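Student: Need the complex rebuilt from these two chains, each delivered in its own frame; the hints are there to steer you.
Chain order of the listed sequences is L and X.
Under this note's numbering, the first residue of the first sequence is numbered 12, with each subsequent residue one higher.
Under this note's numbering, the first residue of the second sequence is numbered 71, with each subsequent residue one higher.
Watch out, some of these pointers could steer you wrong.
[What the hints assert, rightly or not] Restraint ranges, calculated between C-beta atoms of paired labels, are given here:
| id | chain 1 | residue 1 | chain 2 | residue 2 | range |
| --- | --- | --- | --- | --- | --- |
| 1 | L | 225 | X | 330 | 47 to 57 Å |
| 2 | X | 173 | L | 180 | 45 to 55 Å |
| 3 | X | 252 | L | 70 | 33 to 43 Å |
Hints were generated in silico from the structure; no laboratory data involved.
Just so you know, these numbers come straight off a predicted model, no measurement behind them.
C-beta atoms are modelled at their ideal positions from N, C-alpha and C, and glycine is treated no differently.
Residues per chain, in single letters:
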Amino acid sequence: MAQLIYQNSTRASWAEDYSFLNNDIENREGLALKKSYLKVSDLNLYINKTHILKNVNLEIPDKKITCIIGPSGCGKSTLLKTFNRLIDDTEGIKYDGSIWVDGLNIFDPKTEITEIRKKMGLLSQRPCPLPMSIYDNIAFGCKMHGEHNRKKLNQIVEEQLKAVGLWGEVKDRLKAPASKLSIGQQQRLCLARGLAVEPEFILADEATSALDPISSKHIEELFVELKNDYAIILVTHTLRQALRIADHVIFMYLGEVIESGAADVVFNNPKHDLTKKYLEGAFS
Amino acid sequence: MKFKFIEEKIAKGLMIGSSIVVIAFVINIIYTIFRRGIPALNWDMISKIPAGGYYNGGGGGILNAIVGSLYIVLGSTILGLLVSIPVVFYLNVYLKKNSKLAYIARLAFDVLFGIPSIVYGAFAFTIMILLGMHTSLGGGILVITLLIIPIFIRSMDEVAMQLPKDLLDATYALGATKLETIKVVLRQIAPGIATATLLSVGRAIGDAAGVMFTAGFTDSIPTSLSQPAATLPLSVFFQLSSPNADVQDRAYSAALILIFIVLIISLVGRFITNQFSKNKI
Chain L
12 MAQLIYQNST
22 RASWAEDYSF
32 LNNDIENREG
42 LALKKSYLKV
52 SDLNLYINKT
62 HILKNVNLEI
72 PDKKITCIIG
82 PSGCGKSTLL
92 KTFNRLIDDT
102 EGIKYDGSIW
112 VDGLNIFDPK
122 TEITEIRKKM
132 GLLSQRPCPL
142 PMSIYDNIAF
152 GCKMHGEHNR
162 KKLNQIVEEQ
172 LKAVGLWGEV
182 KDRLKAPASK
192 LSIGQQQRLC
202 LARGLAVEPE
212 FILADEATSA
222 LDPISSKHIE
232 ELFVELKNDY
242 AIILVTHTLR
252 QALRIADHVI
262 FMYLGEVIES
272 GAADVVFNNP
282 KHDLTKKYLE
292 GAFS
Chain X
71 MKFKFIEEKI
81 AKGLMIGSSI
91 VVIAFVINII
101 YTIFRRGIPA
111 LNWDMISKIP
121 AGGYYNGGGG
131 GILNAIVGSL
141 YIVLGSTILG
151 LLVSIPVVFY
161 LNVYLKKNSK
171 LAYIARLAFD
181 VLFGIPSIVY
191 GAFAFTIMIL
201 LGMHTSLGGG
211 ILVITLLIIP
221 IFIRSMDEVA
231 MQLPKDLLDA
241 TYALGATKLE
251 TIKVVLRQIA
261 PGIATATLLS
271 VGRAIGDAAG
281 VMFTAGFTDS
291 IPTSLSQPAA
301 TLPLSVFFQL
311 SSPNADVQDR
321 AYSAALILIF
331 IVLIISLVGR
341 FITNQFSKNK
351 I
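Bound conformation, chain X alone (with noise of 0.2 Å):
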């Protein structure tokens, strides 16, 4: 047999390898949390707060959690946004090809991305602390919205760096100004968007770090920004430290919440990207 054929087969032999190292970690997560969370899953769980000693085998649920990273997660989203979206047309539509402040712009959203949440939440920590401020909702949000800005930025400006030259001259040419363009560009990188939102989604629902100082963790619902609210992640740390294996079960139940959550929003968010998308030229 002539070597580029075996050459092809070792290739794809190793394709095929590592592909089922990926999948078989991720059946092996899934098999875990499913074998030790759905038999501790109950109705309670998702509609109840904890009661007296849930920590310890008690009754009630993680109905504060789940409302909790809820909030944060939309509290978060939705202020990223606010401030991601501003920035990525700035970059790529007023600042030109090879502008020195895009460059450093980009280098400084690179290396943001790659700060760990427990320095963020550190961060914000001093701050509040500065201030006078408790641990809130409010500073939660606050954390994660930071923490999610560099992703939002990063991968809708990864899609909007592709923005065809010539749609924007189009667009011109009708007489618009480039504030007008970004209807334009939006529906241009609307799937961008939707992935960002997704990517950012997941890290915030799924941080336990940066929320851990900032937003605390409480067994009530909170009412208010100022008050500390209690965050799916960390209920799982709390559940999973108990020595008791009742409770250590019910942690891989929340994980499984979790993991539903972040399902859900995905199959959403895909299904909002298409209906988006398809004016995409």
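For reference, chain L alone in the conformation it holds in the complex (with noise of 0.2 Å):
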């Protein structure tokens, strides 16, 4: 059946495939109803000639906390960025492969990638918020899609800053420049301006490591909460962040994935050499 699916590359091909759910889902409503798939197959991809990327494999769970973790260089970050194809904008890139998102390979010409794009919401490793007040950071990928009710814009920013609990701390100051809020409370402004164009995944590349540890930890609880709803990509240099927080793990070293799967079997079980040396400490 999954080879069926993954073959066909347009919505409603996929919408075909998928029917036979519909009786399985028609009872739940509001997000519940969305099943996020991310799944990436035979991907390579080079840069000037150097193979970064190796047969990468793997799917992403959905509503889970999925944590890539590895040494420093080994594609951790190249991987995240592909999913979304920022990738595409560095000097002498090339890949192979696929990645599927909801039914649709993103390296399809016919895709579009800015809807692919609106899908997952970005976090960056340093906070940055766009050169506007507080209130137009977290509109202005609304107004872009098209939403310029001003009312229902304001209900908008309350809702996002509320998720990641901010409104208390800004809301009388909402027209202030973004620029000047903490670097803690900018990332988690960067979360809500992901969040408010209702993206399906949410990349996190290392984005806790230019935070304090009590912003840091603010960031992670809310990765917590934020799973319900989500599908959470983390990439983290910290392995105790991802014994923390990760439900599903993958390790990479070299560009290869060497192991993934569910956190507690992988950290408490692994199957791999090197995963084993990784999570004792004899590299990092």
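Tutor: Take a look at the structure:
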């Protein structure tokens, strides 16, 4: 069955293939209705002929925190950037294989990349607020996707700021520049900005490494809360963070996926020697 | 005393010395303009066009040149911005960092930057002759636009090259196309746009050679783009050329007015920049 589904590259056929699921999900409502799906098959990526990602095959489970771990330079961030094709702007990039997001191959020339990116909220290592007010930071994405109703925008801004626990801190200064916020607040604002365009995935690239311990903990707690509604993919360099919050773990080494699976299995019972050594702290 | 402390003192002395030389020149220029310009300055200067025999000491003022210069500056600045913002946006957002086209374009703008305005004027003049055009406000605006486009592009480009990659990525991640990032890019480089505009305005309003052939000179205020227009630098030039000392003093008044206009534009420009750049990250 799986093979059949993934060979189709258009949304219509995907919907048809999944039509048998309709009975199951009819009685569920809201976000629970959406089933986010991300599968990587035979992905190879080269930058200037250097083989960066080697034959990557993996699946990202929905509504769980997936941590991608591994030593520096193993291709974790590159893989994450490939998911929403931000990697495209890199000089000398070449890739083959496929990444399926909700039944669409993101490398298919017919796929609208902006639609894929909209589905993937991005949280970078350093918070990067847009050069606008706090309010506009969140409203920007919605306006871009055609929402201009002031009342609706106000509502979205309030909702998303509340979702990241920032509303109480900024509700009196929504018109203030986002750059005036502390770095931890900026990171939460960036998260809220991503959530405002209604993504299905949250891609976080070492999202807490530039933050102080308290802000970092805050973001982690948010991830745990948000996994009820989103599939969260977190690249992390701190193994302890992965131990704390991961439901699913992908261990990478020199561009290859060495091991992936449920967190308790990978952490407690690693199959591969490299994983064992990494978890023991033999290298990092 | 240790050598490095002597070195420090000498270096500091040299820095102070060169600063004093620069400041002394500026003060000297301003003093000369004020000393000769203030006595000749009166309300007629800025409210009247030249009456008959103005350049031989007759009555009237230089309103024609003030208005002509403002027209040219305004027209060329708007046209210049319209042309250069897309160029800068294309160079920095659409082209990759080490693109050959970007390299060649930047080199070309650097060369254009260094071409004297008289060459632009002569070049435009030959084209105007080919087209059968007369000296006109429109011609002046066009040649000054050509003159300031390289200034616009290179000074905005310097700022745009510092655009954080993360910022563009963050915008793309929200589902923006390259074109849609322009709202973010413009806000981020707003201070650069303002600086570029101030530089360009300074060059545009102070240029005499470019407009000499193209805009011409006239004692009346142009009412359409096809009429010739006077400009302040040329007005200064013609009055200074007079053997009459009173008329020469008026040239200094005109220079004073020119400096004053530039000062006002700079202050307003800085004020606007501060408003725009408060959101910059």
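Student: Taking each numbered hint in turn, which are not upheld by the structure, reported in ascending numerical order?
Tutor: none
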